[in-house]
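Asks: Going down the list, the protein sequences come from chains S and H. The first sequence begins at 1 in this note's numbering and counts up one residue at a time. The second sequence begins at 146 in this note's numbering and counts up one residue at a time.
These are calculated hints, taken from the structure and not from any lab test. Cβ coordinates follow ideal geometry from the N, Cα and C atoms, glycine included. Keep in mind that a hint or two might mislead.
Said to hold, decoys possible - So the derived label-pair ranges between C-beta atoms look like this: (1) H/252 / S/36: 23 to 33 angstroms; (2) S/53 / H/250: 44 to 54 angstroms; (3) H/153 / S/47: 48 to 58 angstroms; (4) S/77 / H/165: 26 to 36 angstroms; (5) S/13 / H/245: 33 to 43 angstroms; (6) H/170 / S/56: 25 to 35 angstroms.
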Amino acid sequence: MATSTKSRIVPITKRGLNFEMLMWIFTRLSALAMYALILFAIIGALVMGARTQMNLADVLRWGFMPNVTHVRSTNVPDLAIWSSPLWKVVASLLVLVATAHGVHGLVVICDDYIVKPLGRQIVRYISIVFMISMILIGIYVIWTS
Amino acid sequence: MGLKRNVSLATALRYKGQGPMLTYVLHRIGGLGMAIFITIHILSSFAGGKVGVFTNSIYENWMFQIFIFFFVLFHAINGLRITLLDLFPTLIENQREAIWIEWAVFIPIYGMALFVIIRTGLGG
């Protein structure tokens, strides 16, 4: 049987709008938000002189998490501008968005293997505790490094 | 249901999911890998001390960077494709072409990062 790949668009009123649906949307939108934050960090790095002070891999590492510890091993002459509150805020936002995105991803993977409602409920409780603690620890590391 | 599957491993490996299946598998492995390694990385930065420094030295090793860069970049670029195709569902009809574009974007970026990581790792 040839399956049609033709897409169909259901009007918004006929779509199921529940928590899982919102998390599905959140996963997509948080991906875009991370792209925005990473591009902001990379452009910021270039403005601060990254082109002559570090290599591509270092710039990408800074982009994925603009924390000053990620540029310590490079030739950057002054770390002060790399550890300004602006970058700590950007890094904290990335931690917030990325942790929520990642923990929801783990829940989705778990749901593929755990089918009993109780098991899924337990996975969700664990994920909430895990998410909140990782966000707090991550933000603590950023602001004290 | 659950883990009880009616296909053997050999059948599963012969499954002709092709391009889309490969991206799905790599996206999942990469996502899971990032969740594990970034958790360890944050915790070891938090813990500090001998254990923390040792764990982070593995993380900073260039051989480890080759793996983590592959998965992070692939997850990011594949994620952008998924996001675009999901937010504009009519594009789904061109998903195979989208996957080819995705590889055309991924290979040069990862190739450059790989070149730099290996050259730095070998002390160049």
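Asks: Next, verify each hint and record whether it holds.
Replies: How the hints compare with the structure:
1. At roughly 24 angstroms, the beta-carbon separation of residue 252 of chain H and residue 36 of chain S lies within the given 23 to 33 angstroms, and the hint holds.
2. For residue 53 of chain S and residue 250 of chain H, the hinted distance range of 44 to 54 angstroms is not satisfied, since their beta carbons lie about 26 angstroms from each other.
3. In this structure the hint that residue 153 of chain H and residue 47 of chain S lie 48 to 58 angstroms apart at CB holds, the actual value being about 56 angstroms.
4. Distance hint check: the CB atoms of residue 77 of chain S and residue 165 of chain H are about 47 angstroms apart, inconsistent with the given range 26 to 36 angstroms.
5. Between residue 13 of chain S and residue 245 of chain H the beta carbon distance is about 36 angstroms. The supplied range of 33 to 43 angstroms therefore holds.
6. For residue 170 of chain H and residue 56 of chain S, the hinted distance range of 25 to 35 angstroms is satisfied, since their beta carbons lie about 27 angstroms from each other.
When the structure is compared with the earlier hints, violations turn up for hints 2, 4 and for no others.
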